[in-house]
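Sequences listed follow chains Y and C, in order. Going letter by letter, the first sequence gives residues 1 to 780 in our numbering. Going letter by letter, the second sequence gives residues 1001 to 1440 in our numbering.
Derived from the structure by calculation, the hints contain no laboratory data. Hints may contain errors.
[To be verified] If you anchor each label on the Cβ, the simulated ranges turn out as follows:
# : chain 1 : residue 1 : chain 2 : residue 2 : range
1 : Y       : K243      : C       : G1264     : 24 to 30 angstroms
2 : Y       : E741      : C       : S1254     : 33 to 39 angstroms
3 : Y       : A747      : C       : P1422     : 28 to 34 angstroms
4 : C       : S1253     : Y       : R341      : 21 to 27 angstroms
5 : C       : P1422     : Y       : G518      : 40 to 46 angstroms
6 : Y       : Q493      : C       : E1339     : 58 to 64 angstroms
7 : C       : D1078     : Y       : V144      : 43 to 49 angstroms
8 : Y       : V552      : C       : Q1256     : 36 to 42 angstroms
9 : Y       : P532      : C       : P1422     : 30 to 36 angstroms
[As the list claims (entries may be wrong)] The calculated lysine to aspartate or glutamate pairs, modelled on EDC-like cross-linking and capped at a C-alpha distance of 20 angstroms, are:
#  : chain 1 : residue 1 : chain 2 : residue 2
10 : Y       : K442      : Y       : E501
11 : Y       : K743      : C       : D1231
12 : Y       : K243      : C       : D1231
13 : Y       : K102      : C       : D1224
14 : C       : K1153     : Y       : E501
15 : Y       : K243      : C       : E1232
16 : Y       : K743      : C       : E1232
[Said to hold, decoys possible] Not the full set, but computed from the structure, chain C residues with beta-carbon under 7 angstroms of chain Y:
#  : residue
17 : V1082
18 : L1179
19 : R1220
20 : L1222
21 : F1244
22 : P1378
23 : G1416
24 : L1419
The C-beta atom is built at its ideal place from N, Cα and C for all residues, glycine as well.
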Amino acid sequence: MTASPLPDRRSRCRPWLRRTALFPTAFHFVFALGLLPAWSLVLSSPARANDTDGAKVEGKSGREAIRSSVPSFELDVLPVLTARGCNAGPCHGKARGQNGFKLSLFGYDSDFDHAAIVGGARGRRVFFAAPASSLLLRKATGEVPHGGGVRLHPDEDDYRMLLEWIAAGAPRRVAGEPQLTGIDLKPRRVVAQPGMAVQLTVTAHYSDGSRRDVTRWTTFSSNEPTLVRVVEGSEPGRLQVGKLPGEATIMARYLTELATTDVAIPLTAREDRETAASLPVANFIDQHIGRKLQMLRIIPSASCDESTYLRRVYLDLIGRLPTPDEARDYLEDSSPDKRARLVDRLLERPEYADHWANHWVDLLRPNPYRVGIKAVYTFDEWIRRQFRENRPYDAMVRELLTAQGSTWHHGAVTLFRDRRSPEERTAIVSQLFLGIRLECAKCHHHPFERWSQRDYYSFAAFFSQVKNKGTGLSPPISGSEEFVYDEDKTVTQVRHPVTGEILEPRPLFGQVPPEASGLPLRQQLAAWITSPENPFFAQVAVNRVWAELMGVGLVEPVDDLRTTNPPSNPELLEALAADFVAHGYDFKHLLRRITASQAYQLSSSVRAGNGIDHRNYSRHYRRRLRAEVLLQAIDDVTETEDRFSAMPLGSRPHELWTHRIPSVFLDTFGRPDPNQDPPCERLPDTTVTQALHLMNADHLQGKIADPKGRIARMIADRDHYPTPESIIEELYLACYARFPEEKEVAALVGRFPAERSQWTPVAQDLLWALLNTPEFLFKD
Amino acid sequence: MTRTRQHRTRLSRRNTLQLGLGGWLGGSLVSALRCVAEGKNRRRRAADACILIWMDGGPSHYETFDPKPEAPPEIRGDFGTVATRTPGVYFSEYLPKLAACSDKFTVIRSVRHNQGNHGAGNHYMMTGAPPRIPVGCGAFVSFHPSMGSTVAKMLGAPRGLPPYFSMPQMSRSGGPNFLGARYAPFIVNNDPNRPDFRVRDVTIPRGVAEDRYSRRRELRRLVDTLPRLNDEAAADPVDTMDEFYEQAYELVSSPQAQKAFDIGQEPDSVRERYGRTSFGQRALLARRLVEAGVPFVTLYEGGWDHHSTIFSALKKRLPVFETAVAALIADLHERGLLERTMVIALGEFGRTPKVNSRGGRDHWSNAMSILFAGGGTPGGQVVGATDRQGYSAVERVLSPENFVATVYHKLGIDPGQILYTPEGRPTMLVSDPTPIAELG
């Protein structure tokens, strides 16, 4: 190992001080008087207690210390600017800078930053003749008004380092300085007790093999500050664990390097191995979940009852409620494998395809005002066909990514009509199919990831052979036909936005599979993305499906897979993805696996303090029904149909081919806004306008009172519904997929007058009441 | 014009003061940021509500508030001018009623921007942010929260009232974007000028008597047996829904709130005053909503995109428009509400100086006029000016950012605050948070 230019801790952080002492410059004679007392304070202050923790730091000879005693811009100055928040997103790091001073976000572009500091503002930011008068320092110390407040005090080491750097002529590089190669955060995993304090240390590694403790210039943040708080103030890297059990991830950022630590705070309950060992295990899912829960000392809720399972699995797999007859058949069936058989039946229902295609159209569907009606229609048709034919996921994505032809005939091509430049295509493809949000790296180094602008534009270069021919966009009509195909030469050059260099296509990591080399670039890209070697591809897909069924993704947001956003159960995510790949990327197989697990079949009710759990599946998490599912459910229980414009009569809410088809109901319940870019995941929010709509909308009142609706039919059908009890039972089965309890029947039956002709309003009111309860609105 | 100048001199002094103050305030940016995190980002407010009259398509500045009688005929157009109550200030001859009450509002003649198509112009003026990527003319886009959605989030509304109404439809970029669906506008799409008009969803459904409604409520209690989780840590979404149901009941059963929705309670004289048109009655309903505590109402009025036969079209259109707007301003003033309620009328841009071969004017974002009343806005004032032929804003040139920042500022919302998208990306509410000082 070569000797490090970074000295050990005692002298290490302050080589510039030593240099000051040895080689005073003219400036130092002028200012020495003011600085001296502060030096002595620093030099005599005892090393911090945790200095010896964590990684050892290499020493170095005094001779080299002198050589490198000028602070390095990249290794000393930038870390300070980053640690003090100067180049953060809300301040000078944002795209337009702040008050004319712009820095690269978290210092990813040191050339740019050096130029901004030394050359910008007509050189006022640094003043070599009188470094302390440099605007950079006067602003940071608040000596002159600074919108960002006081960021630095003149009696701090960091201040003196900056002063020293300026006095030395603000060099861009110091001779022989090494480069930062990575950081090491310790400890990586903590199992903590409530109220405990935890100290983290961050060690930087350099290209010459040297290391140093950079904890004090590292920014820490907690994703769950109520559980684990980063202590602000004099002791960097200190965490305070709160009183509540749970889990948190701490992110540490030193310049553009990132690392995370997981902190788990188990329940304080005694470990109950006996109960834990007795829990049912249906498949590997339960093993992984069980291990995690055991570590957290959480006992999961009991299994849900049959009617809850019935309703849940109908809503999840086909987006509909069971009819009263289907519910009766299932509930009265006593065979032990009836749950699995029900799943098999549902997966063969035609509604399966429409329901699951709907999750994908949310993500892919463009705005017809932008790309034209016919292109959106054919795209919608293409997506639905994938699910109708149960196309393997990898084949579906390969076809989409390599689609060629006419937007009027081959729907998949519409993606390349909507997203027109290599850059736009990069953003959507990486997010949807890899769960990698590259968008940030378009304009600057990704703040929470390793992706750089070079990565972004090298990826974009895979689209450089795509040619669009025909009539482009002319919103709001855009009605014409367009063709998309690959040329065997470059159509669009992709350049690095800063350096201007033309970039060759390069995957984000790994290599294009050898069998794809020499193929058109999009086919190479598709081969790389869908390769079983690419862990992101299957993981983001299973995570989406898992989130839909289980109420929350193993990774949240579901398409944001990155080291700083770790899954709640990495082993489970990997196992699910491996299983998905091993079974031919078959969504139906995945759904069978999940629905068969004990974890899926848990009750939502809280048991023994597991209410604190929101990510480890110790209970079922309730969710409001999606807009289309809820409208379909209302249509089914009222036995009415909606009429949609631009759809044939009898169409169901799941079948709409664009979110532009007007529906106050669907808007109220949060279907995606077709105007929004980027398209977003829909939120299962509840709002007061939803309550108002369900209670009072004329549209729903009309459905309840429809002369051809369920109530009217039941009242007219004396043979099947001779008594109020029979009507009550039917409505409970239709809405809740369960039989009413005896006491419920008893409480309701008295409300029906003796005269059958007067039952209608009572039955209507009962149906109104059922539709307005959470038992109807939520998947329990 | 003397008035304008006077005002400007008065302002320079105020400007100086504010600069000094800015230095003080600037020092506390960190604590301001902390306040944002805690959701306490309101300042002292000058107004409690805003009625935004959105003239979609882009109204001509020549034929409304910025006529150029001395320009050559192909620019001047067919219309003459009318003197306003403000000495030296003239409006188009088809705005006599607004001219007669010009002492109640300010006209801004100098907002300009560079987004000359509907999709982009709408987005810029409605959100204060230019679209992030080039968008087409017919585009309906959203990259940033609209004013209405932001106000809905920051101010809210009492008693379960939806905080952001848009009638009869949502404006193009009027959505919440990353703020989330709960801040989307509450759309009232039916026509308050019809005898059977009701605001949707906020009253007992038609054909259900009141006693039956309370029976329903009782029945609902009876059949609602889903166990609640009864564990605060579990964050049961059902609890939230329960709260919303409580609020909804309160709204339906509150006579005060119900009054707000019942436009039929207005005497005929008032309804006539606003004009018996859909737009007029919507303006009247907006006043009632504001009275009930709604902080933001958008009145969407499409069809100002006069590429052809602009003069005949505006001859019909302007009287309807100005009757309602003048009545709204006067009515709010008489009720003492104008002090706390902004009334703003604008579109996405102005229109081309030269009348085209089809007798129309095309898109022109170099100049536009905005009517701005209430919430402490000085009356009888003109801010800024276009050049002699109306080609471009040249005096006191202002941006859409300044305009939107003014609306937020008056409502006590800090336009310079940082919002975080769900991905954690920091976004300034308005990138240039400087309000238009002349508006008070």
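Okay, the hints, checked on the actual structure:
Between K243(Y) and G1264(C), the C-beta spacing of about 56 angstroms breaks the proposed range 24 to 30 angstroms. Between E741(Y) and S1254(C) the beta carbons are some 35 angstroms apart, a value that agrees with the proposed interval 33 to 39 angstroms. Between A747(Y) and P1422(C) the beta carbon distance is about 44 angstroms. The supplied range of 28 to 34 angstroms is therefore violated. Checked against the hint of 21 to 27 angstroms, the C-beta distance between S1253(C) and R341(Y) comes to roughly 49 angstroms, which is inconsistent with it.
Between P1422(C) and G518(Y) the beta carbons are some 42 angstroms apart, a value that agrees with the proposed interval 40 to 46 angstroms. Look at Q493(Y) against E1339(C): about 60 angstroms separates their beta carbons, and that is inside 58 to 64 angstroms. Here the CB-CB span from D1078(C) to V144(Y) is close to 57 angstroms, at odds with the stated 43 to 49 angstroms. Between V552(Y) and Q1256(C) the C-beta distance comes to about 41 angstroms, which sits within the given range of 36 to 42 angstroms.
At about 31 angstroms, the beta-carbon gap between P532(Y) and P1422(C) stays in the expected band of 30 to 36 angstroms. Taking the CA atoms of K442(Y) and E501(Y), the gap is near 15 angstroms; set against the 20 angstroms cutoff, the hint holds. Note on K743(Y) and D1231(C): the hinted pairing is violated, with a Cα-Cα distance of about 26 angstroms set against a maximum of 20 angstroms. For the given pair, K243(Y) sits about 16 angstroms from D1231(C) by alpha-carbon distance, which is consistent with the 20 angstroms threshold.
Taking the CA atoms of K102(Y) and D1224(C), the gap is about 58 angstroms. The hint is violated against a cut of 20 angstroms. Taking the CA atoms of K1153(C) and E501(Y), the gap is about 45 angstroms. The hint is violated against a cut of 20 angstroms. For the hint pairing K243(Y) with E1232(C), the CA-to-CA distance comes to about 15 angstroms; that is within 20 angstroms, so the pair holds. With a C-alpha separation of about 29 angstroms, the suggested pair K743(Y) and E1232(C) falls outside the 20 angstroms cut-off, and the hint is violated.
With 7 angstroms as the threshold, the beta carbon of V1082(C) stays out of range of chain Y, its nearest partner Cβ sitting at about 36 angstroms, so the hint is violated. Below 7 angstroms, beta-carbon pairs count as interface contacts, and L1179(C) has none with chain Y, the closest being about 11 angstroms; its hint is therefore violated. Because the smallest distance between the Cβ of R1220(C) and any Cβ of chain Y comes to about 4 angstroms, under 7 angstroms, the interface hint for this residue holds. Proximity of L1222(C) to chain Y holds as hinted, the smallest CB-CB distance being about 6 angstroms (cut-off 7 angstroms).
Annotation: F1244(C) was flagged as interfacial toward chain Y, and the flag holds, the nearest CB pair being 4 angstroms apart, inside 7 angstroms. The interface hint given for P1378(C) is violated, since its Cβ lies 29 angstroms from the closest Cβ of chain Y, which is over the 7 angstroms cut-off. Interface hint status for G1416(C): violated, as the beta-carbon distance to the closest one in chain Y is roughly 9 angstroms, over 7 angstroms. Interface restraint check: L1419(C) against chain Y, minimum CB-CB distance 10 angstroms, threshold 7 angstroms, status violated.
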